[in-house]
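> For reference, the chains in residue letters:
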Amino acid sequence: MSDDELTIDSGALIFATLADVYLSSGMVDEAISILKDGLSRNPTYTLAKIILGRAYYMKSDIDEAIKHLEEAIKEAKDSENANLFLGHCYRKKGDIDKALRHYEAVLEINPQHTEARQEIDALKPAGIAPVPDQVVDAVEEKAISTPEKPVEAPIETPSEPPVVPAEKGQDIAPEGEVEVREPAVETTEPATGEAVQEPEEPPLSRVSAGPQTVDAVAIGEPVQHEPVVEESGEPPAGVKEQKVEEPQEQFTPPPGQESVAETERASTPEPEPTPTPMPEPEPEATPAPMPEPEPEPTPAPETPVAESQPTPPPAETRVQTPAPTEDDRTVVEERAPMVEAAPETKIPFATLQEPVERLLHLKTVKGAFICSNDGLLIQNYYQESKEIEEICAMIAAIYNEAEESFKFLKEGTVEKFIIEKENETICVITAGESLLTVITKKETKPGLIFVYAKKIIDEIREILG
Amino acid sequence: MKIDELTKIPKVLGAGLATDDGFVIESKFTVGYDAEKSAAMAAQIVHRIKTSLKVERASIILYTHNNVFFVKESDDGIFFVICQKDANLGLVKIRTDKIK
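Chains as they are written, first to last, in the working numbering: chain A, 382 to 846; chain B, 1385 to 1484.
Next comes chain A alone, as it looks inside the complex (with noise of 0.2 Å):
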């Protein structure tokens, strides 16, 4: 099967996105033998570099994963997946000063990254979490999580007296230490006694926020985190403890030791990433989900105290919305591989997205997927259907089918095909080397489904050649 497509495409982006299939598959021998053949032939294709290093990281090469990863990032220094697998590469190899660095510069490219994030506060030794500068800009423009300023944040404060010393507090949240989100906000927005902002925002983000807050805790200031609730809005100035609700705990990772755990969990979990399609899909554009987090109900921006942000409960931090944070992020992140390190080309399937959606929002239409015209899956929009692989064979069985009997009666070759079945229609579109299929209720009506196809198609085209 992809022999001859490789041979055809392999100066095209399809390998990647095949050996990117094989890795979500768990297939890594064959993603790399893929990588490598296609690399072979393009050896300036960055993203092929870094699915590679990729494939090794999961095979536990670590070394040949770096060596790629490296290559890879001298051409992309802003690849967030370059940099987020050289750091958990050199976290196996116990090598933290280099692995913090490359997390930090994941943060840099995305601030809202909470898997370099909670790998930095895991890493770090309790509390001290340098966030970079740059980080903080970023935030401000996003006004999302931003935990790290905490720490800068203290000089600022002190219009504020910060009340109380309460320290490495991460563990103990005493009551009022609920809002950790906000630190960030009013951290961006230093001096200035208002910093509100977007309060709101915070919530997913604010996970991996969580830390460093604490960070900032430590610096000295143990309970009184009030001034930073303030801050972060929630509760109008003064009002320190209203939210204590949340204790600390919930997601405190202990820094020591979550850093193992965690390490090895966050390592494992995000090799799988892709086993969503990019889907993504994809890939989908990373960038969208992230910009808005769901609004939570976190008041906004009234607190004027601001300025005191430095005390960033740590505990809360955490505690905030470790779960949903992370769930989030993961499927974002899962996809990211592929459209994120994409930068430099262009995203795959990102510009499916929107003529998928409209395509999608059909009531007739149950789901939609690529597959290459061997049968391998490309992208997947169907998402209720578990044996998806297994059709995509069988669809592509089909095509072959057809198209050697039109060749055989010298009729050309197969544009498209409807297949009726009893409680279903099946409609696909050939698009170069890939099979766009839509499959819809029985009632539908195919004139209209390729309609919307054929916008999808130019796209496929365009990206599949």
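Derived DEER-like restraints, expressed as beta-carbon distance ranges:
no., chain 1, residue 1, chain 2, residue 2, range
1, A, Asp839, B, Thr1414, 32 to 38 Å
2, A, Lys826, B, Ile1393, 17 to 23 Å
3, A, Asn423, B, Asp1459, 54 to 60 Å
4, A, Ser414, B, Glu1389, 53 to 59 Å
5, A, Lys448, B, Glu1440, 53 to 59 Å
6, A, Lys826, B, Asp1418, 32 to 38 Å
7, B, Asp1404, A, Glu456, 55 to 61 Å
8, A, Glu824, B, Leu1475, 15 to 21 Å
9, B, Asp1404, A, Asp444, 55 to 61 Å
10, A, Glu738, B, Asp1470, 28 to 34 Å
11, B, Glu1440, A, Lys458, 56 to 62 Å
12, B, Asp1481, A, Arg422, 46 to 52 Å
Simulated from the structure, these hints should not be mistaken for laboratory data.
Treat the numbers as computed from the prediction; the structure is a model and nothing was measured.
For glycine and all other residues, C-beta sits at the position ideal for the given N, C-alpha and C.
Start from chain A and add chain B according to the hints.
Just chain B, lined up with the frame of chain A:
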């Protein structure tokens, strides 16, 4: 009978009925089209669909650059129609859908 009805539609190049193993039972084609080859192709595709998708009755519409093929499994055998791409495909489909 059914075949006659179909071939009367403008730009329909021919229609036929074949056995499951691809032999022609009945056909009416314009010059230049080989009914036997078409029947064999129809049978092969039907077989493939039935084994792949596990459907009881296969039904498929195939578009090529110039023509469109309707293939449908019926009680009497495999029904197939070839028409030009600019034929009234909706009408052809309605007629073929009537075949049980």
